[in-house]
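When you get a sec, could you build the whole thing from the sequences and use the hints?
The lines below spell out each chain.
Number of protein chains: 2
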Amino acid sequence: MKVVRVNLGLRSYDIQIGDGVLSSCGELFRDHKVGSRIFLIANTTVWDLYGQPFMECLTKDGFDVVQLLIPDGERFKNIHTVENIYTYLIAQRADRNSTLAALGGGVTGDITGFVAATFLRGIPYIQIPTTLLAQVDSSVGGKTGVNHSLGKNLIGAFYQPNLVCIDTRSLATLPEREFRAGLFEVVKYGLIYDADFFDYFEANLSTILEREVDVLETVISRCCEIKAEVISIDEREENLRQILNFGHTLGHALEVATQYRTFKHGEAVAYGMLAAAHLSHHEGLVDSVALDRIRQTVLGIGPLPSALEISFSQLLDSIKLDKKRRDDETVVVLLKEIGQTLIKSGFEEELLAEVWGRAVADVSQHG
Amino acid sequence: MKVVRVNLGLRSYDIQIGDGVLSSCGELFRDHKVGSRIFLIANTTVWDLYGQPFMECLTKDGFDVVQLLIPDGERFKNIHTVENIYTYLIAQRADRNSTLAALGGGVTGDITGFVAATFLRGIPYIQIPTTLLAQVDSSVGGKTGVNHSLGKNLIGAFYQPNLVCIDTRSLATLPEREFRAGLFEVVKYGLIYDADFFDYFEANLSTILEREVDVLETVISRCCEIKAEVISIDEREENLRQILNFGHTLGHALEVATQYRTFKHGEAVAYGMLAAAHLSHHEGLVDSVALDRIRQTVLGIGPLPSALEISFSQLLDSIKLDKKRRDDETVVVLLKEIGQTLIKSGFEEELLAEVWGRAVADVSQHG
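Line by line, the protein sequences give chains A and B.
Under the working numbering, the first residue of the first sequence is numbered 1, with each subsequent residue one higher.
Under the working numbering, the first residue of the second sequence is numbered 1, with each subsequent residue one higher.
If you're looking for bench data, these hints aren't it; they were derived computationally from the structure.
It should be emphasised that the depicted structure is a prediction, and the values quoted were computed from it without experimental measurement.
Hints are not guaranteed to be accurate.
You can't tell identical chains apart in this list, so a pair holds if it fits in one copy or across any two.
[Claimed, not checked] Only pairs whose alpha carbons sit at most 25 Å apart, straight line, appear in this in silico SDA-like list of lysine to any residue:
(1) 336 <-> 232
(2) 152 <-> 122
(3) 320 <-> 242
(4) 320 <-> 37
(5) 264 <-> 81
(6) 60 <-> 49
(7) 152 <-> 78
Given below as structure tokens:
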């Protein structure tokens with residue numbers, strides 16, 4: 001079991017990582033002064049896998065646990081699901097001492113966090129992520145929110161959880177493609193922040209793909225440590241936190257252009273990272289040896305759906321919408337070298353199109 | 001012109017109070033580094049009174065102002081109005097540098113603040129309260145939110161504005177009953193925090209009721225100073241901020257029992273303050289001389305709708321719901337003497353019923 005501390009003054013919290021963490025949650029919750037009344041939020045799929053035993057485990061330890069099921073799928077990550085949860089909480093007389101617990105992937109965590117941020121002007125919540133992506137990314141850092149029919153994550157708040165519990169055992173049942181999609185976000189941490197971690201990832205990729213428990217604990221812990229360090233310095237993404245968006249400008253555009261149907265988030269980010277690596281090389285930052293290592297490692301994680309059918313012009317609309325949100329230029333996170341970033345803007349569309357083409361070709365040739 | 005500073009570290013802000021503040025808002029906004037794009041939110045009634053000239057004034061000063069009208073009335077303070085505002089903001093390509101400005105009473109301010117708290121995970125907003133109640137209470141302190149069909153203000157967030165502009169001139173058009181209702185919240189500040197201010201209010205009540213501009217500036221400034229001091233110490237109502245709820249336990253119950261139709265908020269609070277004063281006297285805190293001064297001053301503000309038809313048992317349900325939100329006992333803010341509070345719980349229902357009866361009798365005999 002590992003513990004990573006997120007330092008945010010009065011809003012600091014622990015991330016508990018280990019094999020079987022869920023089965024000792026009662027003790028953990030008590031150690032972290034979680035109130036006795038818990039609303040356990042999960043979708044039906046996750047509930048069938050872990051809900052009942054987890055609830056029984058907490059009940060046995062003296063917690064008053066209320067089950068709250070939400071529909072499964074990103075399309076339910078909206079304000080209507082949030083309203084239904086409010087209504088249920090009120091009907092059940094939830095108060096400011098009640099705690100919400102999000103059991104599941106990123107969608108469940110984002111919705112639950114947003115409800116916690118906005119119910120009775122804020123109540124405590126706990127993240128219990130069961131997918132690799134949620135474990136290394138969305139469950140840590142307090143970004144909560146839901147989608148608007150006109151765009152993803154447009155409604156939300158920064159609101160930190162009181163505790164994050166990561167049980168690596170829950171990864172055993174994760175579908176292969178979902179697991180690999182999470183690994184693209186894992187390798188991102190090495191690329192942007194920690195060359196040694198990238199080396200470790202590169203050297204241990206086959207063991208990681210076998211989901212060896214100790215290796216998973218090491219890998220997830222390091223990702224959480226890095227994310228915790230970054231957000232401790234810049235919680236609201238005013239400067240440093242932007243580096244976590246490495247690969248996300250083009251990755252997000254690819255998701256939008258394909259209506260989130262063709263690519264898993266991590267897969268789209270893989271394309272974005274490859275393009276950003278090519279752009280970094282073009283700018284004279286990453287040398288060709290490093291560029292090759294990045295390509296081999298990213299492509300080595302697993303097969304990616306082809307993007308040959310998607311033209312760069314289809315991505316442009318989304319890129320322009322995205323950039324509009326801060327200023328008038330596209331901001332791209334580049335790599336100075338493996339483990340170090342440089343944020344730059346003002347790229348010509350032609351250059352972005354070119355590096356995009358190289359990323360698409362990399363995948364196509366590898367596959 | 002007076003300036004009151006709310007000290008909350010990085011989230012500190014100024015409250016600007018004076019006659020004609022609105023007409024020099026352009027300069028004020030620039031001094032406070034307000035971004036160039038402003039979404040001005042108001043209901044149709046307030047817009048007709050102040051909207052057009054204010055918008056023109058800002059436009060002349062180089063701001064890009066977009067008008068955003070919402071329906072007038074507490075019944076529209078809900079998540080659907082919030083959703084409509086989100087949709088409009090997205091359609092107009094609002095970004096993180098856009099600023100929302102709430103022009104109007106408490107409903108407009110609460111809705112606008114909640115949208116600001118939850119759009120793109122938080123954007124800046126400015127409060128421009130035009131009612132006395134909003135000027136001395138809801139516009140300061142960052143309590144934002146909307147009603148749920150099952151209860152008031154159940155959905156919300158603590159989210160501080162970047163600036164509060166209070167133009168005392170806007171009170172000239174305020175209906176008499178609305179103005180007097182605001183004064184009940186004004187006298188509350190003297191009672192809970194500042195005996196000298198209570199003396200001043202008592203001595204100058206007739207001038208205040210004539211809405212003499214300089215006196216209004218003094219009175220509003222002192223209320224804002226007190227509220228600023230309190231929330232600087234306890235932003236999230238964990239301890240000291242509770243004193244602002246003086247008169248609100250029973251006042252709120254009265255509003256609920258009458259479905260918010262019979263009493264203005266301030267009027268209901270007046271009943272609550274009278275009852276709390278009687279309770280304080282019963283507990284051996286406030287002496288009979290002070291109790292009489294409190295009754296005379298509160299009743300001297302203006303006539304109150306009768307509560308003779310409402311039995312205490314009708315209030316009990318709401319009291320019990322309210323108390324449930326923190327623990328199992330009704331918490332009441334009492335007065336040790338004029339200007340000093342004591343928070344106490346564990347009162348018998350019979351005693352609460354008795355002091356309620358005395359408050360109702362006070363009003364009935366005075367009227």
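Checklist entry - When the hints from earlier in the document are held up against this structure, which numbers fail? => result none
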